[in-house]
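Work out the full structure: start from the sequences and follow the hints.
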Amino acid sequence: MNRPLEGLLVLEFSQFMAGPTAGLRLADLGARVIKIERPGAGESGRQIAIKNIFVDDSSLVFHTINRNKESFAADLKNPQDLAIIKQLIRKADVITHNFRPGIMEKLGLDYANVCLINDQIIYATVTGYGKEGPWAKKPGQDLLVQSMSGLAWLSGNENDGPVPFGLAVIDMYCATHLTQGILAALLKRSRTHKSVLVEVSLLESALDMQFEVLTTHMNDGGKLPQRSNVRGGGHAYLSAPYGLYRTANGYLALAMGNLQFLASILNLSGDYYQQKDKWFSARDIIMKEIGDVVLQKTATEWVSLLESEGIWCMAVNDYHQFLNSEGFANARMIQNIRLHDDTLLQTTRSVFCIDGHYLFTDKPAPQVGQDNEKIKKDYLQS
Amino acid sequence: MLPLTDFTVVDFSQFLSGPLASLRLADLGARVIKIEKPDTGDICRQMYTSDTVLNETSTVFHAINRNKESIALDIKDEADRDIIIKLIERADVVMHNFRPGVMERLGFDYATVSEINPKVIYGEISGYGETGPWAKKPGQDLLLQSITGMTWLSGNEGNGPVPMGLSIVDMFAGANLSSAILSCLYRKAMHDLGAHIKVSMLDSAVDIQFEAVTTYFRDGGQLPQRTAVSNAHAYLGAPYGIYKTRDGFLALAMGSIPFLGKLLSCEVLTDFTDGEQAFVRRDAIKDILGQHLATQETSYWLEILEAADIWCADVLDWNRLLQHDGFKVLDMIQQVTMGDGFSYATTRCPIRIDGQVLYSDKGSPKLGEHNQKIINELYG
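Chains as they are written, first to last, in my numbering: chain R, 2 to 383; chain D, 199 to 578.
In short, the hints are calculated from the structure, not lab data.
C-beta: ideal position from N, C-alpha, C; glycine also.
Hints may be right or wrong, so weigh each one.
[As the list claims (entries may be wrong)] Straight-line alpha carbon distances no greater than 27 Å define the calculated DSS-like cross-link-like pairs of lysine-lysine that follow:
#1 D:K386 x R:K277
#2 D:K334 x D:K274
#3 D:K386 x R:K92
#4 D:K317 x D:K564
#5 D:K526 x R:K132
[Stated by the list, open to error] Derived list of chain D stretches under chain R, where covered just means 3 residues or more per stretch with a C-beta under 8 Å from a C-beta of chain R:
#6 268-282
#7 317-324
#8 375-387
#9 461-469
#10 568-577
[Claimed, not checked] Simulated restraints, written as ranges between beta carbons of each label pair:
#11 R:D379 x D:D204: 31 to 41 Å
#12 D:K334 x R:Q88: 25 to 35 Å
#13 R:N53 x D:K460: 18 to 28 Å
#14 D:Y498 x R:S265: 51 to 61 Å
Encoded structure:
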């Protein structure tokens with residue numbers, strides 16, 4: 002198969018999650034992605050572990066984000082190394098970095114200077130909060146941005162206080178924006194043959210993630226999100242029954258739908274079921290009543306009963322149930338990758354299916370500087 | 199010139215995932231034409247949030263479908279099909295998010311569309327892929343969060359499953375489709391090739407859990423364990439979380455425990471000297487930290503922590519956020535105007551190109567607003 006980005010060279014100065022996740026996307030789409038790392042310690046993300054799990058000298062998380070890439074070790078403060086990097090930049094199509102404002106300027110690797118080296122470069126940056134304003138110097142970190150952007154008031158219960166999304170969703174969403182920006186820039190360059198600057202920030206991505214509810218907020222008189230006070234509420238802005246309900250065995254998800262019809266199946270007769278305009282305002286009472294009925298059967302029983310009536314529902318899985326299911330196996334989301342120390346890693350593949358092919362790869366994350374010689378040979382001799 | 203100027207996208211999709219992908223393409227410069235069912239249109243038009251109705255349509259629809267055109271067509275009607283075929287002939291991208299099998303029945307699946315337009319980029323989003331036991335299930339966000347185990351990552355231990363309070367799977371699936379379409383448009387520009395792209399919500403949900411899923415296969419299949427208080431990430435140690443203060447809340451994302459103990463004058467924490475304890479004993483640590491942080495105001499703690507370069511933040515609601523200079527400087531809000539003159543505020547595209555924010559002042563279309571215009575273009 003002809004991967005869309007074959008032949009493109011990406012130099013990744015980015016660290017941690019947002020930038021490197023975009024780099025992974027580009028790599029899986031066919032680009033050659035080279036991490037530019039500090040000699041010795043390498044990218045800081047190598048030391049950021051979850052559950053303290055390390056493999057092949059770096060954190061497991063690092064391995065999942067940086068597979069399918071190469072590593073070039075260079076000390077950017079050393080003039081000789083910097084000269085080599087500038088030569089590489091001459092051959093590159095894309096550069097990404099997420100340094101705080103000012104760092105690349107000091108190295109002479111800011112956009113204006115890089116354009117002098119390569120006038121067709123795609124120069125892409127990630128910041129926490131943009132380049133200007135009172136937050137420009139603040140550390141750009143997922144939980145902090147969730148907290149500052151209002152996102153923490155959308156999950157959980159009315160009385161819970163702020164509840165963060167339990168994944169680095171902002172980093173990952175920002176990575177999708179960075180990827181889109183880079184790809185759009187490549188498309189632009191194919192017509193103009195000129196360099197393009199792409200900028201994204203974690204905060205703008207966090208606001209974009211809330212675009213539906215923020216648009217509601219700005220047009221409903223500025224009301225704040227109102228979460229349900231019934232445990233399991235699924236969305237501060239959606240009417241009953243949207244949420245998760247405890248059953249006799251496990252939990253049941255009920256999505257949006259015709260509540261009148263659902264009530265008739267559950268033998269619930271309150272007036273509010275008949276009046277569509279009450280489904281939001283009487284949400285808590287309705288969820289409580291549905292919860293009492295749902296408790297009487299198992300999740301499996303409910304699913305078979307409700308699905309046959311066309312109700313949007315699902316049994317709530319935990320990882321044991323999901324990751325060992327036939328449906329998960331059928332999705333072929335797992336690929337095996339052998340690391341340099343021979344550890345076999347089972348990790349996820351790219352989400353894209355192009356021309357009938359999933360984009361599997363078996364190339365592990367690099368060790369720091371492992372590709373210096375090869376990269377010099379490929380790009381710096383002639 | 200915007201990156202996608204002169205490109206045309208014919209979009210059959212509805213709800214959030216597909217329309218979000220085409221919104222991005224629109225903001226990057228493409229002309230997006232929504233093909234909608236006569237009378238009802240995109241079901242999202244009636245999907246009201248908190249009962250808010252804006253110019254007869256849901257705020258959600260307005261947010262997702264600004265900067266697009268709408269043509270109301272009955273896919274089963276011969277004359278209307280002829281219009282669709284003409285649109286496809288001229289399109290760079292055709293996309294949909296129907297359940298598997300529907301487009302085949304309607305006669306606009308990839309095989310058919312690529313006969314009309316061999317170089318087309320054809321993108322589709324399914325809920326759970328085309329095969330397997332779940333293929334026919336509704337591809338709805340909460341159901342995807344539920345089936346993939348995602349609901350056990352947020353909230354505190356003891357809260358039961360807690361959904362993430364946005365349609366997060368839809369959004370990532372849409373973003374993924376958008377990225378894939380852009381990459382294939384690039385391939386087309388370079389190599390003159392069409393493409394058939396498939397993205398599923400299931401794969402996208404697994405993808406955003408890639409850390410947790412990879413860990414599950416590495417640590418012998420352990421379930422995620424949330425903390426009893428201040429949970430923010432089931433796989434991270436203390437202090438990672440949000441804590442109540444005397445007048446609000448404080449987010450704390452790092453810091454060695456004994457160092458924090460000293461810095462915050464919380465004597466007890468200085469005993470947790472072994473680095474592993476930050477993870478292993480995180481419940482105890484978070485409990486102590488929580489009681490201690492509740493004794494002073496947020497600003498008091500921020501001053502101490504920021505001076506020591508500890509990653510921390512005040513927890514804002516939208517009222518405080520929208521008034522903050524840090525928000526205002528981003529120019530994230532734009533005013534858009536519909537064909538009938540109705541105007542509303544919404545967010546802009548989060549990507550900046552060549553130092554410019556990508557504003558567009560075009561509001562969402564009324565159902566079928568552009569029928570006459572498009573038909574005139576096609577039939578002269």
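Structure-based check of all given hints:
no., hint, in the structure
1, D:K386 x R:K277, "violated, 48 Å"
2, D:K334 x D:K274, "holds, 22 Å"
3, D:K386 x R:K92, "holds, 22 Å"
4, D:K317 x D:K564, "violated, 31 Å"
5, D:K526 x R:K132, "holds, 13 Å"
6, 268-282, "violated (count 0)"
7, 317-324, "violated (count 0)"
8, 375-387, "holds (count 10)"
9, 461-469, "violated (count 0)"
10, 568-577, "violated (count 0)"
11, R:D379 x D:D204: 31 to 41 Å, "holds, 36 Å"
12, D:K334 x R:Q88: 25 to 35 Å, "violated, 55 Å"
13, R:N53 x D:K460: 18 to 28 Å, "holds, 23 Å"
14, D:Y498 x R:S265: 51 to 61 Å, "holds, 55 Å"
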